[in-house]
Amino acid sequence: MQEMTEEYFSIKRRCLKLEECPSLSSLNKDKDFDVLRKKIPDIISKLDKVLLEDAKLKGKNNADSKRELDFMLLENSRLKDSLSEAGEKVSHHRKLVRKPESAVEDLHVEASIYEDVYGSFVREFVNQIQCAKEEATLEHSIRREEASASKIALEDSCVESYMEEEYCAIMYKEALKEAGEKLVELKINVSERERALGSEIAEKGILKEKIHSLECLVKEKENDLATVREKLEIVCQHVNNLQSQVDQQAVVIQDQSQELGVASSRDLEKTKGYAMEISELRQKLGLARKNMKITEKERMKSELKLSSTQAEQKLLQDQIVSTVLSLAKWSQDFECLVAEKTKKTNYRLKSMQSQLNDLIEEVDELKIRESMYKQQMEKKTCDLQKAETEVSFYCSSIFNRSQNASLNPIFTMTCNRVDLLGDEIDSLLDLCQKIYIALDHYSPILKHYPGIMEILKLVQRELRRDSKRLSVF
Numbered sequence: 225m226q227e228m229t230e231e232y233f234s235i236k237r238r239c240l241k242l243e244e245c246p247s248l249s250s251l252n253k254d255k256d257f258d259v260l261r262k263k264i265p266d267i268i269s270k271l272d273k274v275l276l277e278d279a280k281l282k283g284k285n286n287a288d289s290k291r292e293l294d295f296m297l298l299e300n301s302r303l304k305d306s307l308s309e310a311g312e313k314v315s316h317h318r319k320l321v322r323k324p325e326s327a328v329e330d331l332h333v334e335a336s337i338y339e340d341v342y343g344s345f346v347r348e349f350v351n352q353i354q355c356a357k358e359e360a361t362l363e364h365s366i367r368r369e370e371a372s373a374s375k376i377a378l379e380d381s382c383v384e385s386y387m388e389e390e391y392c393a394i395m396y397k398e399a400l401k402e403a404g405e406k407l408v409e410l411k412i413n414v415s416e417r418e419r420a421l422g423s424e425i426a427e428k429g430i431l432k433e434k435i436h437s438l439e440c441l442v443k444e445k446e447n448d449l450a451t452v453r454e455k456l457e458i459v460c461q462h463v464n465n466l467q468s469q470v471d472q473q474a475v476v477i478q479d480q481s482q483e484l485g486v487a488s489s490r491d492l493e494k495t496k497g498y499a500m501e502i503s504e505l506r507q508k509l510g511l512a513r514k515n516m517k518i519t520e521k522e523r524m525k526s527e528l529k530l531s532s533t534q535a536e537q538k539l540l541q542d543q544i545v546s547t548v549l550s551l552a553k554w555s556q557d558f559e560c561l562v563a564e565k566t567k568k569t570n571y572r573l574k575s576m577q578s579q580l581n582d583l584i585e586e587v588d589e590l591k592i593r594e595s596m597y598k599q600q601m602e603k604k605t606c607d608l609q610k611a612e613t614e615v616s617f618y619c620s621s622i623f624n625r626s627q628n629a630s631l632n633p634i635f636t637m638t639c640n641r642v643d644l645l646g647d648e649i650d651s652l653l654d655l656c657q658k659i660y661i662a663l664d665h666y667s668p669i670l671k672h673y674p675g676i677m678e679i680l681k682l683v684q685r686e687l688r689r690d691s692k693r694l695s696v697f
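Per the working numbering, numbering of the sequence shown is gapless, rising by one per residue and ending at 697.
Hints are not guaranteed to be accurate.
[As the list claims (entries may be wrong)] Distance windows between CB atoms, simulated:
1. Q461 with E312: 29 to 39 Å
2. F617 with T519: 21 to 31 Å
3. A512 with E586: 47 to 57 Å
4. K521 with E586: 52 to 62 Å
5. D588 with F558: 20 to 30 Å
The set of hints was computed from the structure by calculation and includes no laboratory data. Since this is a predicted model, take the numbers as computed values, not measurements. Glycine residues also receive a C-beta, built at the ideal position from the N, C-alpha and C atoms.
Given only the sequences and the hints, what does the whole structure look like? Please build it.
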C-alpha cells in the first residue's frame, strides 16, 4: 500500500508538471503510463503473496495444534494401558494371595480334624484298655474267691490269671507303642504342616508387601493420571485458545483481504482516472502544439517586423554596453573598497555594539529617506512609462509617416526628452545603488529589523527590473 501511495503521488506530481509545462513530449507520457501499467500486476502479485503467507501461517498453526493433540492423546492412551496393566497385576496378586490364604485355612481345618480324630481314637483305646483292666481285675477277684474253694483251682486260676495279666501287659505295651508311634507321626505331620504354614505365611507377607507396593504404584499412577488429566485440560484450553486466536486471525485476514481488495479496486479506479486524465492531457498537448505552431508563425511575422528595428536597437545596445562596462568597472572598484571597509568593520564590530542606539536612529532616518526615494522612484517610473508610451506612439507615427518632413523636429524633441529621462534614470539608479550598498553594509545589524530588510529586497527588485529594461533596450 505504501508503494501504491508513493506511485499515486508520483503520478500526481507528473500530472501537475504536465499541466505546468505543456510543451513536454507525448512519448515520455506514454513511457510513464506503460511503466505504471507494468507495475500494476506486480502489486497484484504482492497482494497474492501476502494472502498465501497468511494461509500458510494458518495451516502451520492448525498442524502444530493437531500434532500437540495427537501427542497428548497418545500419552493418554499409553497411560490408560499402563493403568489397565497395573490393575490386572494387582488383581492377579490378590488372587495369588487369596489362594494361599484359602490353603492355610484348609490346612488349619485338616489339622484340627486330625487332632480331633486322633484324640478320640486315643481316648477310645485308653478307655478300652481301662475297661479290659477293670474286667481282668473283676475276673481275678472272682477267681480268687473261687480259688478259696480249692487250692488246685486256685493255683490254676493264679497261673491263668498270671498268664492273662502278662498277656494284658503285653497287649497294653503294644497298644501304647502303637499309640506313641501314631502320636510321633502326628507330631511330625503337625510340625511339617506348621512349617508349610510358616512358609505360606511368609509368602503371604511378601505378597502383602508386593500388594502394598502395587497399591502405591497404582496410587502414583492415579496421581500421574490426575496430573496428566490436568495437563490435558490445560492443553485443551490452550488448544481452544489457539483455535479462537486462529479464528480471530482468520477474521482479521479476511478483513484485511477485503480491505486490500477494496484498496486495489480503488487504485484501479484511480489508475483508470489517471489514464483518462492523461488522455485529456494529451488532447490538451495537441491543442497546445497547434497553438505553438500558430504562435511560431506569428513570431516569424514579428521577427520580420523587428528586423527593421534592429539597426536602431544596435545603436542603443552599444550605448548600453558602454554604460554597463563603466558600471562594471565602478562596481569592481566599489567591491574592492567594500572589501577593505568590511575588513575594517570586522575589527570595529566590538566597538559598534555601544553605538547601536545611534545607528537605530540613523536607520529610522534612512527609512524615512528611503520611503521618500521610493515615492520619487514611483513618480519617475510613472513619468518614464508615460514617456515610453509617447515615444512608442511617436515612433509608430514616424515609421508610418516617414515621408512627412514636418514631423522631424518633433522626433528630435522626443529623442532629446528621452535622453534627459535616461540621464535622470541613471542618476536615480546610482542613488538607489548607493542606498542599497549602504544598507547592505549594515545588513547583519539590520536583520533584527524586518521592515528594513523588506525595503532592501524591494530596492533590489527595482534595480533588477531597471537593469532588465536597459538590457531590452
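inquiry  = Let me make sure I understand: some of the numbered hints might not hold for this structure. Which ones are they, in numerical order?
reply    = none
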